[in-house]
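Enquirer: Sequence:
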Amino acid sequence: MFLPWSEKKLVRRLKARDEQAFRRMVTLYQNKVYTLIFRMLGDAQEAEDLSQDVFITVFRAIDSFRGDAQFSTWLYRIAVNHAKNRIKYLARRRSKASQPIEDVDESRLQDPSGSRIPAPDKVLLGQELEGVLQRAIAELDEEHRSLLVLREIENLSYAEIEAITGLPSGTVKSRLHRARLQLKDVVERYMNPDLSAQNPDKQGPAKGS
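Per the numbering used here, the sequence shown starts with residue 1, numbered consecutively.
By construction, these hints were calculated from the structure, which means they are not laboratory data. Every value quoted in this text rests on a predicted model; they were computed, and no experiment measured them. No residue lacks a Cβ here, since even glycine has one placed at the ideal position from N, Cα and C. Just to be clear, a hint being listed does not mean it is correct.
Stated by the list, open to error - In silico DSSO-like pairs for lysine-lysine, Cα to Cα no more than 30 Å straight-line:
| no. | residue 1 | residue 2 |
| --- | --- | --- |
| 1 | Lys15 | Lys32 |
| 2 | Lys173 | Lys84 |
| 3 | Lys8 | Lys32 |
| 4 | Lys184 | Lys173 |
| 5 | Lys9 | Lys184 |
| 6 | Lys88 | Lys184 |
| 7 | Lys8 | Lys84 |
| 8 | Lys9 | Lys32 |
| 9 | Lys88 | Lys8 |
| 10 | Lys88 | Lys9 |
| 11 | Lys15 | Lys84 |
| 12 | Lys184 | Lys15 |
| 13 | Lys88 | Lys173 |
| 14 | Lys184 | Lys84 |
As the list claims (entries may be wrong) - Restraint-style ranges between C-beta atoms, simulated for each label pair:
| no. | residue 1 | residue 2 | range |
| --- | --- | --- | --- |
| 15 | Pro4 | Asp63 | 22 to 32 Å |
| 16 | Gly67 | Pro4 | 16 to 26 Å |
| 17 | Glu188 | Ile56 | 33 to 43 Å |
| 18 | Ala91 | Lys8 | 33 to 43 Å |
Using the sequences and the hints, build the whole thing.
Expert: The following block contains the structure:
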């Protein structure tokens, strides 16, 4: 078990290429980074591999961190950009980036407070609803997907999301509003296919800003 370090000390040791600092960084942030990427990609193996890439990128690029934002904000920015790039790559490959939720290691998925998401067998219809939610998120474009995950799953503040994405406040709020509406439509379509058939205009979320 690591004794607490300040963020400044962690960054200083990372810049000194301290391997213990690298291990400490991974221990501190691996679950949050994994959860963020999994929620954006919907694929556990992709999330596992990409999480490792994120930490390697952070370690290699640490000298570019100037302290203008919190280290965690900078790390999240790298994780989001990696995930968005991977989504685009998978789309070009026409790869299905979702996977059944029952194949996911539940111990890796955490809510923003750090507690584990309840196991499906402990929540009525939890597995089905979780799977529907993940598939619905996967239907959003990468920009709306990232904002929704950061706000609704990671529970970050608007100020934190603005710092991570570089988007102005008004853009973040308007895109989040559209993302929530899109997610609601997709979830309704999955949960009630008959309703979708009666409303062909709701066959998928519209792309855009």
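Enquirer: Next, verify each hint and record whether it holds.
Expert: Do the hints match the structure? See the list:
1. Lys15 <-> Lys32: The given pair, whose Cα atoms are some 22 Å apart, holds under the 30 Å limit.
2. Lys173 <-> Lys84: Within the cut-off at roughly 19 Å; holds.
3. Lys8 <-> Lys32: holds (20 Å)
4. Lys184 <-> Lys173: holds (17 Å)
5. Lys9 <-> Lys184: Given that 30 Å is the threshold and the Cα spacing comes to 43 Å, the pair is violated.
6. Lys88 <-> Lys184: Within the cut-off at roughly 23 Å; holds.
7. Lys8 <-> Lys84: holds (28 Å)
8. Lys9 <-> Lys32: holds (21 Å)
9. Lys88 <-> Lys8: Violated: Lys88 and Lys8 sit about 34 Å apart, past 30 Å.
10. Lys88 <-> Lys9: violated (36 Å)
11. Lys15 <-> Lys84: Answer holds: Lys15 to Lys84 is near 27 Å, not above 30 Å.
12. Lys184 <-> Lys15: With a Cα-Cα distance of about 44 Å, the restraint between Lys184 and Lys15 is violated, given a limit of 30 Å.
13. Lys88 <-> Lys173: holds (23 Å)
14. Lys184 <-> Lys84: holds (22 Å)
15. Pro4 <-> Asp63: 22 to 32 Å: holds (24 Å)
16. Gly67 <-> Pro4: 16 to 26 Å: holds (19 Å)
17. Glu188 <-> Ile56: 33 to 43 Å: holds (40 Å)
18. Ala91 <-> Lys8: 33 to 43 Å: Once the Cβ atoms are compared, 39 Å apart, the range 33 to 43 Å for Lys8 and Ala91 holds.
Violated hints for the displayed structure, listed by number in ascending order: 5, 9, 10, 12.
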